[in-house]
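K.L.:
Based on the provided sequences and hints, a complete structural model is requested.
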Amino acid sequence: MQTSSDEKVLIGSASFPKPFANGLEFNAPAHGTWNIVHIGFRIPGAHQIYICADNCLRGVVMTAAEMGELGRFSSVVLEEDDMTHSGRIEETTIEGVTDCLNKLSKIPPVVIIFPVCVHKFMGCDIGYIYRQLESRFPDVKFVRGFMDPVMQKRGTTPDQRLRKAMSDIIPELPLNADTVTFAGSDMPASANDFKTILESNNMTVKDTADCRTLEEYYSTGVSSLFICQYPAGLMATQAISKRLDRKYIYAPLSFSYDTVKKELSESGLKIPEGFFENGIRACEEELGRLKKLAGDTPVAIDYTAVPRPLSLARFLLDNGINVKTVYLDALDPAEEEDFRYLAENYPELVLHSTIHVVNRRPVRCAGKVLAAGQKAAWFEGTGNFVNMVEGGGLYGFAGIAEFIRLMEEAFINEKDLRDIIPRKGLGCRSCI
Amino acid sequence: MRKTYRILPVYTGDVSGAASALYELGGMTVIHDPSGCNSTYNTHDEVRWFDQESLIYISGLNDIDAITGNDGKFIDDICFAADKMKPRFIALANSPLPYLNGTDFKGICRVLEEKTGLPCFYVNTNAMHDYTKGQSEAFLSFAVKMLKGTEEKIRCGINIVGMTPLDFTSTDIYITDGHETVSNWALGTSFDSVMNAAKAELNLAVSSSGIAACEYMKDKFGIPYIKGLPWNGTVKEYMDVQRSYSKNYIVGEPVISGSVAAYIKETYGLDFNVIATTEITDGLLLGCDKRCHGEEEIEAALKDAETIIADPMVRLISPDRAKFIELPHFAMSGRLYRKQIPNLLKPEEYLYGIK
Chain A
1 MQTSSDEKVL
11 IGSASFPKPF
21 ANGLEFNAPA
31 HGTWNIVHIG
41 FRIPGAHQIY
51 ICADNCLRGV
61 VMTAAEMGEL
71 GRFSSVVLEE
81 DDMTHSGRIE
91 ETTIEGVTDC
101 LNKLSKIPPV
111 VIIFPVCVHK
121 FMGCDIGYIY
131 RQLESRFPDV
141 KFVRGFMDPV
151 MQKRGTTPDQ
161 RLRKAMSDII
171 PELPLNADTV
181 TFAGSDMPAS
191 ANDFKTILES
201 NNMTVKDTAD
211 CRTLEEYYST
221 GVSSLFICQY
231 PAGLMATQAI
241 SKRLDRKYIY
251 APLSFSYDTV
261 KKELSESGLK
271 IPEGFFENGI
281 RACEEELGRL
291 KKLAGDTPVA
301 IDYTAVPRPL
311 SLARFLLDNG
321 INVKTVYLDA
331 LDPAEEEDFR
341 YLAENYPELV
351 LHSTIHVVNR
361 RPVRCAGKVL
371 AAGQKAAWFE
381 GTGNFVNMVE
391 GGGLYGFAGI
401 AEFIRLMEEA
411 FINEKDLRDI
421 IPRKGLGCRS
431 CI
Chain B
1001 MRKTYRILPV
1011 YTGDVSGAAS
1021 ALYELGGMTV
1031 IHDPSGCNST
1041 YNTHDEVRWF
1051 DQESLIYISG
1061 LNDIDAITGN
1071 DGKFIDDICF
1081 AADKMKPRFI
1091 ALANSPLPYL
1101 NGTDFKGICR
1111 VLEEKTGLPC
1121 FYVNTNAMHD
1131 YTKGQSEAFL
1141 SFAVKMLKGT
1151 EEKIRCGINI
1161 VGMTPLDFTS
1171 TDIYITDGHE
1181 TVSNWALGTS
1191 FDSVMNAAKA
1201 ELNLAVSSSG
1211 IAACEYMKDK
1221 FGIPYIKGLP
1231 WNGTVKEYMD
1241 VQRSYSKNYI
1251 VGEPVISGSV
1261 AAYIKETYGL
1271 DFNVIATTEI
1281 TDGLLLGCDK
1291 RCHGEEEIEA
1301 ALKDAETIIA
1311 DPMVRLISPD
1321 RAKFIELPHF
1331 AMSGRLYRKQ
1341 IPNLLKPEEY
1351 LYGIK
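Chains A and B, in that order, are what the protein sequence lines are.
Residue numbers 1 to 432, in this note's numbering, belong to the letters of the first sequence in order.
Residue numbers 1001 to 1355, in this note's numbering, belong to the letters of the second sequence in order.
Check the hints yourself; a few may be wrong.
Cross-link-like lysine-lysine pairs, in silico, DSBU-like; alpha carbons within 30 Å at most [said to hold, decoys possible]:
#, chain 1, residue 1, chain 2, residue 2
1, B, K1073, A, K18
2, B, K1247, A, K103
3, B, K1086, A, K18
4, A, K153, B, K1084
5, B, K1084, A, K8
6, B, K1323, A, K103
7, B, K1145, B, K1220
It is worth saying that the hints were derived from the structure and are not from the lab.
Nothing here was measured: the structure is a model prediction, and the numbers come from that model.
P.N.:
Below is the structure:
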């Protein structure tokens, strides 16, 4: 099947994994997802320095400002002369970063440097820049970030590479067989079966998304196992487990009972007796409540709420919830089985692009719509939505049950859409 | 170092400025950029999304298209969107990578005009300048491409030029000296309204962003212009109010700051010197005023300050002893102080603490 040039397509007619043709892009004003600034601040005490043009800089510096974190943020502005003089861009970067650090009252232990697309296109000698900075600031650990959205659509994204660079500074410490770390995500593990099982096994659980000090962050280097539950963090998790010669598990929030059972069973962890049965029962009870509440209310889901939106759509539809629309722009190859299943069994399910040129105004359906995710809420114009990004640290039966509970809550209590969704980085401090 | 910023944000950039200027004019603005510019613009530099739609897009440029200069895709995508959305015109804005590879935007505009039949113009941005430059280029390019001369004149008709939400929160301009507003460039306005601009007898540049378009209309249509905000219902050139050196400073965009300084001089008899921190300043400053570029220069210029009127973020680099009067500016502090931004045209609301 061909990709659709329209803004929406029925899943029964959609192509996989690219349902929509590329074109000009609109940006919906829903900003709960995390960007590289939010992610970088997950390293406690780290300072971020961006070296880029004014217009590009504006977005990141205001992200930091809105988080109340300007004290941990500096910038170096690139101008035309940096691009027309040979060697100038390296000089501006080195001297600019040096100047930024020297202006701080105390040199931070970790500094994340963000060169940009222009550095790449100028053939800038990045290695030379880091050698110079490391010789000038030998006590600083430099994390090699990049803000190059031109690479967003091909290969690894700046987000993925930043997560890897952030994990590269975690030192190799003597292995502690009883310590496990959740890694690669921005949302700390919450209603999460892995966490419950680890704690019932008397394991020490750490979480790179929830470290209060740099020492705590570094201490994850003792872990015997890393658990990644967010696709963009997989590369980082694979890299650290390879470097430290430790195991890792990749298990993003799935709404398939069988997948949860399989992933937990294959984890090598001791599963408490009756865990699966009790977990499924809890999910079914929540589902019963949701069905009773929502009835035939149309439901819309978007890709920013959970890493596997089609898994969620399939689960809800199979359980009698009236999912009408899934907002996404591309399909994760890991969701192919769910895609095929939905295409065959629910061919009328609508896939709706979030960036297509005609999408500048909310759909604003008549009647109540229950949404999962900020973009779905914005497009549907509904205040009845689950305000979540990246799966919210949920996993397993506890995660599924919690997600359904949040849908019930969203159905009952309308949120202030206009106040909530322009705020950036859900879970981060917002000063606006 | 001039190019480093320790604590202040940079001003809104030129690309966002261009998009802001054209937002209400019924066209389609396409930023040739990977992905950063649109998010920055619609998150931090644009407040109208919820209440008023506009056709602002990015091209979604990727590395291969940038390296190979794949203009064909850019053109096809614009044609597709124009066919779907039927804009009044197409405006193209540049960003760092197409700037580096020398993309021929004017040539692309010619191709687009042939293919779509729509007027198409290039707004000369590259993301390396502030919003005043982008707005100025956008207003000028729009005027050059779209405005037609006319014999018909509206007696005492006036165009307000250089007004966007990046500087202004309100379009309530109380003019009681007989002038009648013909068009506003470009807040609370429309395509049809600005297309009447050539009928005006006078242009009023309310910010530095409006100067270039006013100059063009002066040369092309013989419409004279003056600069400044109208105080007490009177349209007046702010540069005519003489001010002397002092240690009282007003920091910001020069026309607005100069107008506020003129108001203060005339109302309170106090001298305030402008520290112009945006790019377009030629002919907009008196001898006592100063142009500063970047955080270091602004901080140095404020060292001896007794009173400062500025965006609250400037307090971070101001001497503690100076009296500070907050005048939030959306193009600097963005959404942080948005709720506190006063109506610039009602100075009594934000200058009450000046005495």
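K.L.:
Each of the hints needs a verdict: does it hold here or not?
P.N.:
A quick look at each hint next to the structure:
For the proposed pair B:K1073 and A:K18, the alpha carbon gap of about 18 Å is at most 30 Å, so the pair holds. Using a Cα cut-off of 30 Å, the hinted pair B:K1247 and A:K103 holds, with the two alpha carbons roughly 26 Å apart. Distance restraint check for B:K1086 and A:K18: the Cα-Cα separation of roughly 27 Å lies within the 30 Å cut-off, and the hinted pair is therefore satisfied. With a CA separation close to 24 Å, the supplied pair A:K153 and B:K1084 stays within the 30 Å bound.
Distance hint between B:K1084 and A:K8 is fulfilled; the C-alpha atoms sit about 14 Å from each other, no more than 30 Å. Distance hint between B:K1323 and A:K103 is fulfilled; the C-alpha atoms sit about 25 Å from each other, no more than 30 Å. Distance check on the hinted pair: B:K1145 and B:K1220 sit about 12 Å apart at the alpha-carbon level, within 30 Å; holds.
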